[in-house]
Structures are given as C-alpha cells and as structure tokens.
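Protein chains in written order, with our numbering: chain A, 1 to 134; chain B, 1 to 320.
Note that these hints are calculated values from the structure, not bench results.
Only a predicted model underlies this, so the values are computations on that prediction, with no experimental measurement involved.
Check the hints yourself; a few may be wrong.
Covered by chain A, per the in silico footprint, the following chain B stretches (three or more residues, Cβ under 8 Å) [claimed, not checked]:
1. 21 to 34
2. 82 to 94
3. 97 to 107
4. 110 to 117
Away from chain A, derived, C-beta distances all over 10 Å, residues of chain B [to be verified]:
5. M16
6. E76
7. I224
8. S237
9. A240
10. V271
11. E277
A virtual CB, placed ideally from N, CA and C, is assigned to each residue, including glycine.
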Amino acid sequence: MSGRSFIRVLVAKPGLDGHDRGAKIVARALRDAGMEVIYTGLRQTPEQIVEAALQEDVDVVALSCLSGAHNYSFPRVVELLRQQGGADILVLGGGVIPEEDIPALKQSGVKEIFTPGTTIQAIVEFIRAHAIQR
Amino acid sequence: MLYKDDLVQSFLRGDMRALARAVSMVEAGDIQAEQFLAAVAREGKRARLIGITGPPGAGKSTLTAKLAESLLDRGERVALLLTDPSSPFTGGAILGDRIRMHAIAGRSGLYIRSLGSRGSLGGLSRAVPPIVQLLENFGFDAIILETVGTGQAETDVVETVDSVVVVTVPGLGDDVQAMKAGIIEIADVFVVNKADREGAERTARQLEEALKLGPKAVPVLATIATTGVGIAAVVSSLDAHYQTMLADGELAKRRDRRLRKALHAYAASIVSVRLAEWVEEQLTGHWADIDSGRIDIYTCGRRLAEKFQKRGVTSNVRED
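Modelling step: build the complete structure from the supplied sequences, incorporating the hints.
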C-alpha cells in the first residue's frame with residue numbers, strides 16, 4: 001500500500017435544469033489538473049449530493065446550477081454537510097448566479113462562486129489553494 | 001476531523017462516514033492503514049464477492065445497479081466498488097459510474113465508492129484487496145466490484161472475487177473473438193446486454209459454442225439492463241454458482257488463492273521499495289559504467305540481488 005493522495009472532487013448538478021455542459025467542462029479540466037472527479041449527473045437533490053460526497057470522501061463539492069435554485073440548494077448542501085460530519089469539505093458554486101446573490105451564498109458557507117467568464121485555471125488554482133487534503 | 005482512534009470506534013459502530021475515511025486511508029497507502037486494518041479485523045462471516053467486467057459502454061454500471069437493487073430488495077447489505085481509468089499522464093480521472101446508480105442511491109445498507117485505477121493495468125485499482133477487507137469487516141453481505149472497461153486481457157478481477165460476470169454486447173466480433181484466451185475464460189456467468197439490438201442472438205450462440213469446449217459450464221444470459229429484462233436470471237445464476245462452489249469446495253479454494261495472492265503482493269511491495277532504495281545507493285558512482293555499456297544491467301542486477309539477499313539475512317539477525 002503506497003501511493004500519493006489525490007484531490008477528490010464531486011461535481012454535482014442540483015436542481016432541475018438539464019444543462020451540464022459547463023459542469024462537464026469543469027470536470028474535464030479538473031481531471032487534466034490531476035484530480036479525481038466524481039460526476040453524478042443531472043437533477044440531484046442536496047440530500048443525494050451530500051450522501052455521495054460523504055461516501056466518496058471527497059475534499060471538494062463543486063455545484064453547478066443554471067435554473068435559479070442556487071439560493072436554496074447551495075446553502076442546503078453546506079448545511080447538510082455540516083450536520084453529517086463533512087464541515088471540512090470545500091463547497092464551491094458555479095453557473096448563472098446574479099452578483100447580488102453572491103454575498104449571501106458566501107455568508108452561508110459556499111467558499112467561492114464562479115460566474116460565466118471565469119477561467120478554468122482560476123478554478124483549478126482556487127481548489128489547489130483551499131482544498132483541505134485529509 | 002476524525003482522528004485514528006475515534007475512526008476505529010466509529011467504524012466498529014457501523015458509521016459509513018468512518019468507513020469512507022478508512023477507504024481513503026487504505027487507498028492512499030497511508031502508513032496508518034495497516035494498523036487500522038489490524039484494529040478492525042474480525043473473524044467470522046465473509047462477504048460474497050461478485051466481479052463485473054466487460055468492454056466500455058457494454059452496460060456494466062447499469063447492470064451493477066440492477067444486481068445491487070435485487071440484493072438490497074432481499075435484505076442484503078451491499079457495497080459497490082466502481083473503478084474507472086486514471087490518466088497515465090496527470091493521474092486525474094473522471095469517475096462517472098455513479099451516474100447509473102440514481103435508482104438505488106440513498107437506500108439503507110448500501111455503500112457506493114468510485115475508484116481511479118491509479119496506474120494499475122489489470123482492470124481494478126491496486127487498493128481493491130485491502131478495501132474489500134475493510135468492507136467485509138464492516139459487515140456487508142455482498143460486494144460488487146466493477147472493473148474499468150476491459151478489452152481482452154485485464155483479468156485481475158478473477159483473482160479478486162468469488163464469481164465473475166463478463167458483460168458483452170452484440171456486434172463486437174466474430175466467432176474467432178469468442179475463441180481467444182483471456183477475459184472470455186474467466187466468466188462464471190456471461191451476459192449479452194442490450195439484447196434488443198440486432199445480432200444479440202447470434203452473439204449469444206457464438207459464445208455458447210466457444211464456451212461449450214471449455215472446462216466448466218458457463219451460462220450465457222440475455223439482458224436489457226436499462227429496463228431490467230433478464231436481471232432475475234442473472235441473480236439466480238449467480239446464486240446457483242455460489243451454492244455449487246460452496247458445496248464442492250471451490251469457494252474456499254478461491255478465497256485461499258485470493259488471500260495468498262494479496263499477502264504475497266503486500267510482502268513483495270515492502271521488499272521492493274527497500275530493494276529499490278538500496279540498489280540506488282549501490283549504484284552511486286558506478287552509473288557511468290552501465291551508461292557506457294561496459295557493465296550490462298542483467299549481470300549487475302543479479303549481483304546486486306544476491307548481495308541484497310545476504311545483507312537481508314544479517315540485518316534481520318541484528319533486528320532480532
């Protein structure tokens with residue numbers, strides 16, 4: 001048993017929109033940055049996302065939402081993680097998120113929000129700098 | 001954060017979060033992993049291990065989900081280990097098998113874990129044997145291992161499980177493909193998935209013909225995993241295979257072989273790390289002779305190995 005440890009990231013789509021092009025591009029970029037990316041597909045509830053995150057023992061949960069449900073689903077994921085012993089998992093959000101929603105999302109515990117126009121490199125660097133490798 | 005002693009206690013209490021942390025520890029080859037495995041070891045009931053292998057896109061994950069559902073429905077506790085390939089360049093991986101698990105996600109008694117192959121070429125992560133031990137100690141009744149999409153020769157799974165299901169689909173090759181050595185030989189149950197596609201019957205017939213000449217009776221079953229057609233027959237074939245192995249002693253034989261192989265591999269990995277370090281030390285100052293071709297690497301390798309063995313004996317005596 002010897003090896004190196006990898007940053008593990010769950011890329012998840014809460015809410016009911018069917019657009020996962022962005023999520024897939026991020027997943028692919030994180031893969032190319034040497035991370036293990038678990039992609040769980042569309043239309044996941046916060047409960048399903050948190051269960052997957054804990055079973056997979058990820059370091060990061062990256063949420064993508066384009067339906068406008070981010071004000072509910074992102075904080076709910078953070079809350080459930082805290083309740084179930086996953087408070088040290090880094091939670092990030094992405095998608096079409098209005099500027100004015102960002103402060104409240106960060107207040108709720110989402111560490112960073114990446115809106116359209118963000119470079120892939122910025123996301124990779126943020127994860128490398130902030131993920132707590134356990 | 002859960003520290004090691006707490007982790008052992010939580011694990012023994014049946015906390016799945018503790019199990020997930022322990023799997024990561026074992027997978028990373030953490031120095032504490034060995035102690036942890038010892039701390040949670042227990043005698044008694046072993047899990048039934050089922051391997052699912054076959055080419056990419058054949059429907060392994062969908063079939064895995066359906067099998068797991070059948071076992072959960074009859075009250076078994078089930079763990080799934082899903083391996084997907086890691087990049088040989090960056091080590092990164094997309095682990096996407098979980099997408100097929102939506103219908104069973106959230107059920108109690110179920111644990112799902114995705115693994116990157118991390119450089120292993122045999123179809124499963126190298127960490128699978130110690131992870132299986134963790135899952136057995138945690139109390140699962142059945143563990144289903146899904147390999148990466150395989151071609152012809154990735155046969156590690158046969159030495160890791162009790163029963164192997166090989167999944168194929170219509171239209172991948174002619175009857176000569178079905179005669180080749182390798183993955184075809186390791187099946188205990190053969191599944192032709194996507195059986196609603198053209199050529200399914202022909203594929204099944206060719207496989208049956210090829211398998212008839214082999215040493216054991218292997219059922220060839222048609223399924224449409226997305227809709228559940230044929231899954232009940234796969235479950236009963238697996239049950240029958242398990243009962244037969246239990247009765248004729250094959251199960252015990254396979255388990256012995258599995259444990260021996262894992263034990264040898266672990267012992268060898270410890271020696272090989274030490275040997276590599278020692279060889280590097282010995283080579284200091286002599287590399288130019290090898291680089292120029294004055295000393296060939298095979299003569300040099302044998303001399304060093306013999307010297308290392310002698311050194312090993314004396315250093316062991318000193319340690320005692």
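When the hints from earlier in the document are held up against this structure, which numbers fail? Result: hint 5 breaks, nothing else.
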